[in-house]
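Student: Sequence:
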Amino acid sequence: MEITNLSPIDVWFSDFEKDPLSALDNLLRGRAYMGKLNRNETPEILFRLFHTKDTGIQRALDEAMRNWFQSYWMAMPRTAASAQWAEILQNAFISVQRLKLCKSYQWLSGSCFRGRSWLRSLYQGPARDPEASLLQTLALRQQDRTLLPLWIRLCRMEEDLPLHYGAVGLLGLRKLPEEDGTPPGGLNPIVLQGIVDLADAIYHRKKTQGEHLWLLECRAIMALYPRSTQYWIDNFSPLIHQKPIGDAAKWFNKTIPGLFDKMEQQRHDKKPTGVFSRPPSKQHLEKILRLIEEQPLDSIKEELQGFLEKHRHYAYQTGVSEFLAKTFCGLGNKIFKRDINLALDLAEEAFLWEPYNPFTWTTRAKIEEYQGNYPRSMALLWEAKRRFPGNAHIRTELANLLGKDSEYKIAEIIYRQAIVDFPKDDVCRNGLAGVLLQRGKRGDAIALLEETIKVFPHNKVAKEFLQKVTHGESIPDISKVYKDDFAGEKSKPREVEVGAKPVESAPFPTKTKIDIDEPGQKKPSELKTAGGEEEAPVEDNIEEKIGMTNLYRLESRTVDNEKEREGCKEKAFSLIKDALQKTPDNVPALLENGWLLLDEAADHARDFFSDQLKRHPHVLGLHLGNLRYKGQKAITINRQEWADLFENFSGSSTVINLERTLHEMSHGNGGRVTALDDLRRQLAKNTNQLPATLRENERWAVSLVKQSLFGNINLGESLTEDSIPPIIANYKRHEHLLKGIVEQCVSAI
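For the sequence shown, this note's numbering begins at 617 and goes up steadily by one.
The hints are simulated quantities; they were obtained by calculation from the structure and are not laboratory data. Yeah, the Cβ is synthetic: ideal placement off N, Cα and C, and Gly gets one too. Honestly, I wouldn't trust all of these hints.
[To be verified] Below, a list of computed lysine-lysine pairs in the DSS-like style, where the Cα atoms sit at most 30 Å apart:
{"id": "1", "residue 1": "K866", "residue 2": "K1020"}
{"id": "2", "residue 1": "K1230", "residue 2": "K1179"}
{"id": "3", "residue 1": "K926", "residue 2": "K903"}
{"id": "4", "residue 1": "K1025", "residue 2": "K1179"}
{"id": "5", "residue 1": "K823", "residue 2": "K669"}
{"id": "6", "residue 1": "K1246", "residue 2": "K1193"}
{"id": "7", "residue 1": "K1076", "residue 2": "K1025"}
{"id": "8", "residue 1": "K823", "residue 2": "K1301"}
{"id": "9", "residue 1": "K634", "residue 2": "K652"}
{"id": "10", "residue 1": "K1348", "residue 2": "K1040"}
{"id": "11", "residue 1": "K634", "residue 2": "K1193"}
{"id": "12", "residue 1": "K1020", "residue 2": "K1057"}
{"id": "13", "residue 1": "K1040", "residue 2": "K1025"}
{"id": "14", "residue 1": "K866", "residue 2": "K926"}
[Unchecked claim] Per label pair, the in silico range of CB-to-CB distance:
{"id": "15", "residue 1": "D1176", "residue 2": "H1074", "range": "31 to 37 Å"}
{"id": "16", "residue 1": "N1254", "residue 2": "Q1197", "range": "53 to 59 Å"}
{"id": "17", "residue 1": "E1066", "residue 2": "D1260", "range": "48 to 54 Å"}
{"id": "18", "residue 1": "P1200", "residue 2": "R835", "range": "43 to 49 Å"}
{"id": "19", "residue 1": "Q921", "residue 2": "H667", "range": "39 to 45 Å"}
{"id": "20", "residue 1": "D1176", "residue 2": "P1039", "range": "48 to 54 Å"}
{"id": "21", "residue 1": "T845", "residue 2": "K1322", "range": "18 to 24 Å"}
{"id": "22", "residue 1": "K1322", "residue 2": "H1087", "range": "36 to 42 Å"}
{"id": "23", "residue 1": "S623", "residue 2": "D850", "range": "58 to 64 Å"}
{"id": "24", "residue 1": "P1200", "residue 2": "E1263", "range": "26 to 32 Å"}
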């Protein structure tokens, strides 16, 4: 037996040399005895162990930390409690920042977008919030201005997040590097804009304790950057005047005496003082579009870059991203056949600014498809469908792409579900007609086109399509129909006009793949997401598996044939099982699995929701799934359970109200009228002040619930028992649709 006098620290370092990942895992998870260092927090232990070590050992730690994140990203150990794992992750994030672990930082920066919903599910409170901790690490270690759009979105509260994320946004703006990548040298003007945006957002969201948090942050920044009172007055006044914020403006007067008086004076001035940034003019855009039409891109490269820089400068200075996103996507749509790399760069830059804008998703997918990267394009559209269930254009684009790959049956299912979800959308109907013809269902296609013309008598595409079919064309070239329909509109190029939606893609032209090794094309190992994240291999396309699960699950509720219904469920279970094996804590995958179990095996669903709520306490869909199980089993749900959801998930009140109403309609205990009346009032609320990430889906849900549940009932008046019979009839007719609204909205959060 060998006896050594090694200290616990020496023993650990010996283990680290043999297997860095295993030794680091033991330390992060509190399973390594570190002697006297055990009295310290994990980040302090790691800092003391490594900050004076040579470069080689620090690189080994960096590599081990990156591998550790990869091992546990959306796949935390089954034995770990969520509160414990949240703390472990926070310690790891802090260590990356303190020890300047570059490889780990780069991996986290690239994986942040896809992992945030999982981190959010582990939320325990402001002091134990791994998502906020990750964002703080990214803010403190910024190497360029790539994350600027994220910090602006947090300051503007465009995501449904707790108040302290506004402080994270301000931290990101303060630590923003200079344009040349050097560390910040002083107070960047964008910080002042962030302060104003945060006050505006708090005021309009009516956040409790918001004023208190804002005052603390504002005073802290003013203390960090000592300036004269006149400096603050001169620099804040034009920003406030440019963007009036009602009563919230008075908050500034509590920190800067005299500011409010000057602001009030400026409100009455015809020409307010201060320099105002302006976006590039519409005339400048029209000039660029003419140049693109008339000249080679190389010959106008300098002028085009100058135009793009003006948009970037405006977005940097004001935080207003609308003009940049629309223009860059429009230009990407315009030039992708002439310069695919520039088009993709523009689309990805627009996505960084507005990832909650469906147009940025469909534009990226379209360009990726043209580049020959069909798996990436498909993954983008499946993910977009989940995030934006209220966007009909995404469904059309996805069905079209599937049709180009001869997946006509799946395309047909998507179109049929889209027609139910978007009864006023005629493009989905025309697309379905094209699919039916491809599948040899000529009679069904003709009947659908005739019905479409009756419902939408001004639909030129449907009329032309029907005429070609009835005149003997087996499968008309619908791309020509679309082209003819929009002929003569070159003065208003729909694909590039600011604010315009692109022309709907024509279904199923011949697919011409581009060789992935062709010069100028990206190889699989080089493919990145807009956030720099490495793309998963095609065979591990989690987004597609989750999307297909959702498709087959919803289809199983509507098919009459028992064999087909069971076949849909089997496919759904197989797909989601595969997805969860690869990412066991993928929140959308967990939700799909839960809804499936509710439809097929309620007792298993009970155990599933109980287990997952312990691991992911901040996922609304898991809470609603658990309550739906109770309703199915006639288990009483007390009012406090609903009240807790309204308090903890205030941004999703419509979905919660709808689920409570569905419960009362089928399993309730006499609270039907109350629940319906609460839902009625919720549907009447203004959605404009909702976070941008919720707004579009909220409007879709409100519109569909009004049509499918309340019908022609006047929602401006309180409901009575006499109002209930027609609502009950609507509920029985549309029960699956209403349940689907809940499920799709909570999966999108």
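Student: Are the hints correct? Go through all of them and say.
Tutor: Status of each hint after checking the structure:
| no. | hint | verdict |
| --- | --- | --- |
| 1 | K866 <-> K1020 | violated, 58 Å |
| 2 | K1230 <-> K1179 | violated, 36 Å |
| 3 | K926 <-> K903 | holds, 14 Å |
| 4 | K1025 <-> K1179 | holds, 16 Å |
| 5 | K823 <-> K669 | violated, 47 Å |
| 6 | K1246 <-> K1193 | holds, 24 Å |
| 7 | K1076 <-> K1025 | holds, 26 Å |
| 8 | K823 <-> K1301 | holds, 17 Å |
| 9 | K634 <-> K652 | holds, 23 Å |
| 10 | K1348 <-> K1040 | holds, 21 Å |
| 11 | K634 <-> K1193 | violated, 35 Å |
| 12 | K1020 <-> K1057 | holds, 18 Å |
| 13 | K1040 <-> K1025 | holds, 23 Å |
| 14 | K866 <-> K926 | violated, 33 Å |
| 15 | D1176 <-> H1074: 31 to 37 Å | holds, 34 Å |
| 16 | N1254 <-> Q1197: 53 to 59 Å | violated, 37 Å |
| 17 | E1066 <-> D1260: 48 to 54 Å | holds, 51 Å |
| 18 | P1200 <-> R835: 43 to 49 Å | holds, 44 Å |
| 19 | Q921 <-> H667: 39 to 45 Å | holds, 43 Å |
| 20 | D1176 <-> P1039: 48 to 54 Å | violated, 21 Å |
| 21 | T845 <-> K1322: 18 to 24 Å | violated, 52 Å |
| 22 | K1322 <-> H1087: 36 to 42 Å | holds, 41 Å |
| 23 | S623 <-> D850: 58 to 64 Å | holds, 60 Å |
| 24 | P1200 <-> E1263: 26 to 32 Å | holds, 29 Å |
Of the numbered hints stated above, those contradicted by the structure are hints 1, 2, 5, 11, 14, 16, 20 and 21, listed in ascending order.
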